Amino acid sequence: MSYQTLEFILFSAIVLFFYYILGRRLQLVVLAIANMVFYIMAGPKYLPYLLATMLVTYLVGLFIGMIYNKCDKQLAECKDNSEKKALRAKAKSKAKKVLIIALLVAIGLLAVCKYTGFVTKNLNLLFAKFGIPQIEVFKMVLPLGISFYTFMAVSYVLDVYWKRYKAEKNFLLYAVYLSYFPHVVQGPIDRFNEFKEQIAGGVKISYENITYGAQLAIWGFFKKLVIADRIGILVSTILDNWETYDGVYIIVAFLVYSIQIYADFSGCIDIVSGISEMFGIKLRKNFNHPYFSRTMAEFWRRWHMSLQEWFKDYVYYPVSASNFTKKIKKFFKNRGLKRIEDIFSSCLPIIVVWLITGIWHGAAWMYVAWGMFHASLLIGGKLFENVLPKVSKVLHIDTENFGWYFWQMVRTYLLCCVGRVFFRAASLTNAIALFKKMITDTTFASLFNPDMTFGLDLKDINVALVSVLILLVVDILQEKMRLRETLAKQNLIFRWMLIFGALFFIIIFGNYGPGYDASNFIYEQF
Amino acid sequence: MKIKGYIIKFIKIVAFAGIFVWIYSNVSSVMTPFSRFNYFLAGFYEEEEKTLDAVYIGSSNCHTYWNSLFAWEQYGINVYPYTANSLPFSSAEYVIKEVRNRQPNAVFVVNINTLGDEEITMSQSHNLLDHMPLTFEKLALTKFLCEFGEYPRDDHWEYYFPIIQYHSRWGDITESDFYNVTDGYKGACNFDIYKKKSTNIFNGFKQTEEVGVLSEKMEKALKSLLEYCKSEDIEIVFVTVPQSRPDLEDVKKYNRVNEMVSEYGFRVLDLIGNIEDTEMDLKVDFYNSKHANIHGSIKYTQFLSEYLIENFKFEDKRGKAEYSDWDKAYNEYYKEFSPYVLDIELDSKYRDYSLEAPSEKDILTTANGTSVRLEWKSIEGATGYVIYKKSGKNGAWKKTGYSNQLIYEDKDVKEGKKYTYTIVPFYEKDGENYYGKHLYKGVNVTN
Numbered sequence: 001m002s003y004q005t006l007e008f009i010l011f012s013a014i015v016l017f018f019y020y021i022l023g024r025r026l027q028l029v030v031l032a033i034a035n036m037v038f039y040i041m042a043g044p045k046y047l048p049y050l051l052a053t054m055l056v057t058y059l060v061g062l063f064i065g066m067i068y069n070k071c072d073k074q075l076a077e078c079k080d081n082s083e084k085k086a087l088r089a090k091a092k093s094k095a096k097k098v099l100i101i102a103l104l105v106a107i108g109l110l111a112v113c114k115y116t117g118f119v120t121k122n123l124n125l126l127f128a129k130f131g132i133p134q135i136e137v138f139k140m141v142l143p144l145g146i147s148f149y150t151f152m153a154v155s156y157v158l159d160v161y162w163k164r165y166k167a168e169k170n171f172l173l174y175a176v177y178l179s180y181f182p183h184v185v186q187g188p189i190d191r192f193n194e195f196k197e198q199i200a201g202g203v204k205i206s207y208e209n210i211t212y213g214a215q216l217a218i219w220g221f222f223k224k225l226v227i228a229d230r231i232g233i234l235v236s237t238i239l240d241n242w243e244t245y246d247g248v249y250i251i252v253a254f255l256v257y258s259i260q261i262y263a264d265f266s267g268c269i270d271i272v273s274g275i276s277e278m279f280g281i282k283l284r285k286n287f288n289h290p291y292f293s294r295t296m297a298e299f300w301r302r303w304h305m306s307l308q309e310w311f312k313d314y315v316y317y318p319v320s321a322s323n324f325t326k327k328i329k330k331f332f333k334n335r336g337l338k339r340i341e342d343i344f345s346s347c348l349p350i351i352v353v354w355l356i357t358g359i360w361h362g363a364a365w366m367y368v369a370w371g372m373f374h375a376s377l378l379i380g381g382k383l384f385e386n387v388l389p390k391v392s393k394v395l396h397i398d399t400e401n402f403g404w405y406f407w408q409m410v411r412t413y414l415l416c417c418v419g420r421v422f423f424r425a426a427s428l429t430n431a432i433a434l435f436k437k438m439i440t441d442t443t444f445a446s447l448f449n450p451d452m453t454f455g456l457d458l459k460d461i462n463v464a465l466v467s468v469l470i471l472l473v474v475d476i477l478q479e480k481m482r483l484r485e486t487l488a489k490q491n492l493i494f495r496w497m498l499i500f501g502a503l504f505f506i507i508i509f510g511n512y513g514p515g516y517d518a519s520n521f522i523y524e525q526f
Numbered sequence: 001m002k003i004k005g006y007i008i009k010f011i012k013i014v015a016f017a018g019i020f021v022w023i024y025s026n027v028s029s030v031m032t033p034f035s036r037f038n039y040f041l042a043g044f045y046e047e048e049e050k051t052l053d054a055v056y057i058g059s060s061n062c063h064t065y066w067n068s069l070f071a072w073e074q075y076g077i078n079v080y081p082y083t084a085n086s087l088p089f090s091s092a093e094y095v096i097k098e099v100r101n102r103q104p105n106a107v108f109v110v111n112i113n114t115l116g117d118e119e120i121t122m123s124q125s126h127n128l129l130d131h132m133p134l135t136f137e138k139l140a141l142t143k144f145l146c147e148f149g150e151y152p153r154d155d156h157w158e159y160y161f162p163i164i165q166y167h168s169r170w171g172d173i174t175e176s177d178f179y180n181v182t183d184g185y186k187g188a189c190n191f192d193i194y195k196k197k198s199t200n201i202f203n204g205f206k207q208t209e210e211v212g213v214l215s216e217k218m219e220k221a222l223k224s225l226l227e228y229c230k231s232e233d234i235e236i237v238f239v240t241v242p243q244s245r246p247d248l249e250d251v252k253k254y255n256r257v258n259e260m261v262s263e264y265g266f267r268v269l270d271l272i273g274n275i276e277d278t279e280m281d282l283k284v285d286f287y288n289s290k291h292a293n294i295h296g297s298i299k300y301t302q303f304l305s306e307y308l309i310e311n312f313k314f315e316d317k318r319g320k321a322e323y324s325d326w327d328k329a330y331n332e333y334y335k336e337f338s339p340y341v342l343d344i345e346l347d348s349k350y351r352d353y354s355l356e357a358p359s360e361k362d363i364l365t366t367a368n369g370t371s372v373r374l375e376w377k378s379i380e381g382a383t384g385y386v387i388y389k390k391s392g393k394n395g396a397w398k399k400t401g402y403s404n405q406l407i408y409e410d411k412d413v414k415e416g417k418k419y420t421y422t423i424v425p426f427y428e429k430d431g432e433n434y435y436g437k438h439l440y441k442g443v444n445v446t447n
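In order, the protein sequence lines correspond to chains A and B. Position 220 of the first sequence, counted from 1, bears residue number 220 in our numbering, the numbering being contiguous throughout. Position 329 of the second sequence, counted from 1, bears residue number 329 in our numbering, the numbering being contiguous throughout.
Just so you know, the hints here were simulated from the structure itself, not pulled from any lab data. Note that this is a predicted model, so its numbers are computed, not measured. Mixed in with the good hints there might be a few duds.
Stated by the list, open to error - Below 30 Å or equal to it, Euclidean Cα-Cα: the simulated BS3-like pairs (lysine-lysine) are:
| no. | chain 1 | residue 1 | chain 2 | residue 2 |
| --- | --- | --- | --- | --- |
| 1 | A | K489 | B | K9 |
| 2 | B | K220 | A | K489 |
| 3 | B | K220 | B | K290 |
| 4 | B | K196 | B | K220 |
| 5 | B | K196 | A | K282 |
| 6 | A | K204 | A | K84 |
| 7 | B | K441 | B | K196 |
| 8 | A | K282 | B | K12 |
| 9 | A | K204 | B | K220 |
| 10 | A | K204 | B | K12 |
| 11 | B | K252 | A | K204 |
| 12 | B | K252 | A | K489 |
| 13 | A | K489 | B | K411 |
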């Protein structure tokens with residue numbers, strides 16, 4: 001059941017009805033049943049993987065909690081500081097061992113399901129060079145949302161281990177968090193404590209939650225059905241037959257693809273966040289108008305935020321603070337290499353994070369290349385952080401005006417588009433071929449060929465242009481104000497006209513139904 | 001204060017839902033294509049409730065055979081064709097239930113030619129459902145079609161909400177899509193091909209008494225229909241109309257249907273096995289292998305009307321003020337078909353189709369600028385001949401004279417003008433003239 005379908009809307013409506021009608025005490029039960037139904041409808045074969053991660057991380061969390069509780073009791077009775085320290089170290093070490101079990105199971109399942117094929121394929125390539133017999137390539141099932149729920153489970157056990165909050169005793173609550181149907185397929189990657197805060201005591205029905213949630217979901221449907229799936233036709237038409245097109249069209253395809261993927265992914269997140277808001281649960285913010293970013297670093301603080309924040313909290317900081325990093329830094333410091341120490345401390349976590357980010361998106365070298373491309377941009381940004389303002393000063397460039405901001409936004413957008421060549425290509429070789437074609441076989445005059453509409457007719461192109469303009473205007477307004485709250489203060493007739501207008505714009509111009517090839521969300525595959 | 005707030009919110013929700021449904025139904029109606037093929041079903045809903053004598057259910061081989069306005073004009077009965085292209089017979093039970101919502105006392109005539117016993121295609125379902133108003137019976141019918149047709153679960157939605165299927169037409173919407181109006185002809189066919197074309201289907205027409213095997217689900221659907229008709233005491237006739245077909249498999253299946261229907265004691269009109277009862281001519285009364293033309297439909301309508309009047313208590317409603325719209329519709333429709341039909345074709349009382357028409361090669365025409373002369377070979381049994389003439393592209397046939405010899409001279413002609421003539425043989429018996437066949441397309445003469 002994909003999020004953009006009528007089936008999903010009806011499913012959500014039914015769950016919502018029972019969620020509020022059966023009262024606060026049964027809300028968790030209603031959600032647990034709904035989550036299971038939703039997940040089983042996607043394929044019962046995926047369920048054991050989810051349940052395994054769920055059970056192991058829950059039990060490990062519980063166990064770590066018990067270790068800490070026992071340690072706390074012992075500490076209360078103990079007066080000697082060195083003994084206290086030893087007790088803490090002992091508990092920590094014990095907890096660490098259990099934690100490793102949870103991480104091995106959760107990440108192990110993700111790794112086995114997602115990367116077995118990739119690893120065996122590459123090993124075979126290596127073996128072939130040395131004449132070693134080939135091993136069979138296993139085709140594993142990829143459980144729905146495994147990349148997302150695994151990260152949520154990992155964040156939970158790590159937070160418990162780091163004592164950010166206490167282990168959860170209520171299995172139902174933890175199960176609902178991990179399998180919550182609005183975020184299980186494509187995120188956002190939520191945190192247990194934030195989730196729990198909102199639902200643990202039950203949720204009271206609120207007119208505001210319902211209406212605000214519905215508005216957000218409508219906006220998400222608009223982005224997905226009207227924009228993403230429409231311009232996606234153009235992108236696929238060109239990139240699926242890229243050899244036959246002039247390089248300039250491939251450039252156009254990637255410029256459009258960046259809009260498509262934004263409308264697609266943020267559209268999905270708005271749909272699920274809107275639906276979730278109706279249940280009184282606000283999901284983590286995943287997008288903050290990323291294309292208004294002036295630097296790549298800012299872009300990654302605004303794009304797929306829940307993933308970036310996860311990496312920051314569970315990879316970047318731990319790597320920065322790890323003993324290994326400390327030792328290396330000390331090594332450079334002792335030799336008076338302060339600059340190298342700085343560069344090293346900035347670069348290592350970035351490289352690690354982006355290597356994992358790349359691999360997280362998919363088991364293919366192109367994703368690794370994509371990750372490294374962004375790592376190099378971020379490292380470049382860090383290294384020239386202090387140099388660029390000086391250059392601007394020397395060249396008398398006024399960096400405090402709209403023109404400069406605008407240029408920075410365009411530059412960031414274009415760099416994103418370059419990265420997306422790796423992201424969208426069928427393979428790393430294909431990405432390189434695409435770059436080659438764009439550089440060596442581009443005739444800008446081809447842009448003026450009126451016959452090139454790439455699977456869209458003129459009317460479709462007009463709808464796409466108008467819709468993208470609406471997206472831009474709304475994004476600008478959202479930057480300046482809390483749009484839904486501002487709307488809520490407007491006259492009822494105006495508000496309803498706007499909502500009905502949006503609804504029927506989607507119903508009429510949305511790409512859904514048998515007249516169109518329905519396309520899944522891009523991030524569903526991750 | 002709290003209660004007041006709840007009431008206001010409740011009113012808002014109801015108003016919002018109401019406005020949504022209203023806009024949705026209008027948008028959906030504009031988006032759903034509406035063509036002449038939809039007139040038959042959509043027109044049924046323009047009829048006053050509880051006013052029809054009978055409802056004729058079937059596919060296109062129903063509205064091209066049964067002409068409701070001819071039946072009205074000649075017999076004063078109003079039998080409406082509730083038809084859609086390829087309407088599957090297997091869905092008849094649900095269609096009857098839907099029709100009975102508005103016409104609970106009507107007699108039913110059900111055509112079985114489009115069986116739909118193995119499958120019901122998605123377009124068949126759309127033809128039937130798209131312009132049917134929303135009722136519980138429609139929902140039941142939709143469910144039946146989706147299940148019988150074994151459509152993928154995701155595809156079911158488009159039958160409940162046609163906009164899912166048709167919203168992609170937004171780029172092709174024209175002003176006419178905003179006015180889904182029928183031609184007002186009460187289901188009488190007005191296709192050009194129906195009026196103008198004649199095809200010989202003699203070689204493709206096949207008969208057999210063998211009984212075939214229906215699919216399991218068709219047997220089940222038919223049994224359910226018959227049980228329903230029995231329990232509701234519905235007056236119903238099952239009809240098989242003559243058609244051309246590549247083999248006998250369908251005919252054998254019709255025989256199986258007829259067998260089951262007869263077992264339940266309902267009326268069967270097997271007009272494949274008894275085509276002679278209709279007096280339809282396989283050589284000229286059809287416009288293609290599966291459909292009768294206007295001439296065939298006149299004969300068929302006359303035959304079926306007399307059958308219905310004989311078997312059911314139908315009252316002649318002509319002249320009644322509350323049915324004046326049928327008269328109006330006929331008068332309008334007359335302008336459409338009259339160029340193609342002779343007035344004596346509509347005379348059901350005294351016809352004898354055993355009297356052949358003079359063939360084209362047997363009619364000799366000569367013109368000298370002031371008159372047109374027709375000569376023809378004698379027709380066995382004829383004692384006289386009526387001569388009809390028409391001119392111009394859509395000129396109507398007009399009786400121009402008669403002759404008890406084998407020659408006729410028409411002096412009412414203009415030089416250089418093109419005329420078309422046809423000759424109808426007749427004989428006299430008990431003081432009445434009995435008219436035979438004629439050449440539909442006539443013979444052309446330029447004076």
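Hints versus structure:
no.	hint	verdict
1	A:K489 to B:K9	holds, 16 Å
2	B:K220 to A:K489	violated, 60 Å
3	B:K220 to B:K290	holds, 27 Å
4	B:K196 to B:K220	violated, 41 Å
5	B:K196 to A:K282	violated, 68 Å
6	A:K204 to A:K84	violated, 45 Å
7	B:K441 to B:K196	holds, 8 Å
8	A:K282 to B:K12	holds, 25 Å
9	A:K204 to B:K220	violated, 50 Å
10	A:K204 to B:K12	holds, 20 Å
11	B:K252 to A:K204	violated, 66 Å
12	B:K252 to A:K489	violated, 71 Å
13	A:K489 to B:K411	violated, 87 Å
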